[in-house]
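One line per chain: the protein sequences are G and X, in this order. Here the first sequence is numbered in the working numbering, starting from 1 and rising by one per residue. Here the second sequence is numbered in the working numbering, starting from 231 and rising by one per residue.
Keep in mind that the hints were calculated from the coordinates and are not lab data. Bear in mind the structure is a predicted one, so any value in this text is a computation, not a measurement. Among these hints, one or two may not hold up.
Taking beta-carbon pairs under 7 Å as the criterion, some of the chain G residues facing chain X (in silico) [to be verified]:
hint, residue
1, I30
2, L47
3, G149
Here a beta-carbon is modelled for each residue, glycine too, at the ideal position from N, C-alpha and C.
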Amino acid sequence: MNAYFAVSLIGGALTLEYRSSLRFMLSQPICSGLILGLALGAPSEGLFAGLMFQVMFLGYVHLRGERIPDIPIGGMASSALYILSMRRLGGAFGGTILFLSLLLGLLVSLGGYGLYRIWERKAWDVSALAMRYIMEGRFRLASRLHMAGLLFHFAFGFVMLLVVIPVGVEFVTAVAVRAGSEWGGAVDSIRYIVPFIGAGLLVRLYFVRDRAFWFGAGFLVTYVLFLFKG
Amino acid sequence: MLRSHLRHLWRLFFLQSTHNERTFDGLGFFHVLAPEMRSWAADEKEFKEIANRHMGYFNANPILASYILGIVQNMERRRAEGLELSLDRIDRVKSILSAVLTAKGDYFFEIVLIPLGLTIACIFAMYSSYFGPVIFLVLYNYYHLQARIGGYLMGLRMGEGLGRELVEHIYKEQGVLGGCAAFASGVFTALVIVRANSFGGFRLSIWGVGVMAAVFLLRRRISVIWGVVIVFVATAIYLLLV
Chain G
1 MNAYFAVSLI
11 GGALTLEYRS
21 SLRFMLSQPI
31 CSGLILGLAL
41 GAPSEGLFAG
51 LMFQVMFLGY
61 VHLRGERIPD
71 IPIGGMASSA
81 LYILSMRRLG
91 GAFGGTILFL
101 SLLLGLLVSL
111 GGYGLYRIWE
121 RKAWDVSALA
131 MRYIMEGRFR
141 LASRLHMAGL
151 LFHFAFGFVM
161 LLVVIPVGVE
171 FVTAVAVRAG
181 SEWGGAVDSI
191 RYIVPFIGAG
201 LLVRLYFVRD
211 RAFWFGAGFL
221 VTYVLFLFKG
Chain X
231 MLRSHLRHLW
241 RLFFLQSTHN
251 ERTFDGLGFF
261 HVLAPEMRSW
271 AADEKEFKEI
281 ANRHMGYFNA
291 NPILASYILG
301 IVQNMERRRA
311 EGLELSLDRI
321 DRVKSILSAV
331 LTAKGDYFFE
341 IVLIPLGLTI
351 ACIFAMYSSY
361 FGPVIFLVLY
371 NYYHLQARIG
381 GYLMGLRMGE
391 GLGRELVEHI
401 YKEQGVLGGC
411 AAFASGVFTA
421 LVIVRANSFG
431 GFRLSIWGVG
441 VMAAVFLLRR
451 RISVIWGVVI
461 VFVATAIYLL
471 LV
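Sequences are here, hints too, so could you generate the full structure?
Here it is, written out as structure tokens:
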């Protein structure tokens, strides 16, 4: 099967998993990256790319009423772009490819975020229609309409990745080839900096929640251990 | 019996298919109860009245909503069998449990369990171990499926009697797990600093700590996605310039 098509199918299925209330958490970037990696024959690269996207949102907590950033679709886009671009360039310019994949993944997250703001407003029309069917006694039709919401979620993930990944791979590889040797050394360290974003969110989460003692304990134990280990 | 449960159980997993800004999961709530709803009504008029009550506003944590659905189904069944249960009482139990279990569920799953599981997963994955995602999925889904399936069946068996006990006893371990989550986060932060220091020296780790501080402060002012984008782009520019 074509790699882009496989990625899109997985993307559709995992978007459905995230947006319906299945909630097995397979759509979290660290899991979806591994799944995409397994499907594309590069599990370690998938895990790594998924990890990098995941750590940026590690301490993010979804508060009720807050608009949810579309982390899963961004994570999938980022992982797929990283795996496919690395494959095309034979593993060269890893740092640049990672940087561009994460950047595009973030933009896809923003796109999903915007699109679902519109969908949640429009979904009321679907619900209202289903309610009308129920009052008319057309119960099966109302149920089907409710389940049809799943088709939208699947189609969103599928189409988004089907459009973004082929174009994105071309873009990432073209930029990596042009600027990779110039950026190479500098951008390589992005993999060590990105986890600090998640660490910042975690610090915020646990300092607000009065768990500073346990956070500090974990930090000190690990740091001292590494200090003695050298 | 099993078949009857399955008819409702699979629907629980699609509660939010038509999640919207006005009735939230109202239609999903109706969809779960629908297979049995006709048997609660004496005639078409009563059926419409029951349907109308259960397709309105419903906003609860989707995982713990299973308890509420089980309890409401039990109460409606008993009412249909002739027990004195006012409609007002059913609606009140539904709305009170929605509010209380949403607060409990959101806190336990969103603030304690998911960050704990993901932090452990990321620590393992930083050292290229596949165990991390597996541990996360097992830990999360143990509680998730227990609440989804076990919660529904328990609510169905015990009815409104479950409500008070549930609110008092559910997730008593959240204090311990919350401590573990904070501890794991501390471990993660220390590892991130150690790794940055060993790769890029003092300068890289200081920039990293600056990134942490920026995220910490930005989160107070703007949404998480914009905060991450700004810090990520600023970091890239810094790395390219230095």
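Output the indices of the hints that this structure fails to meet, ascending.
none
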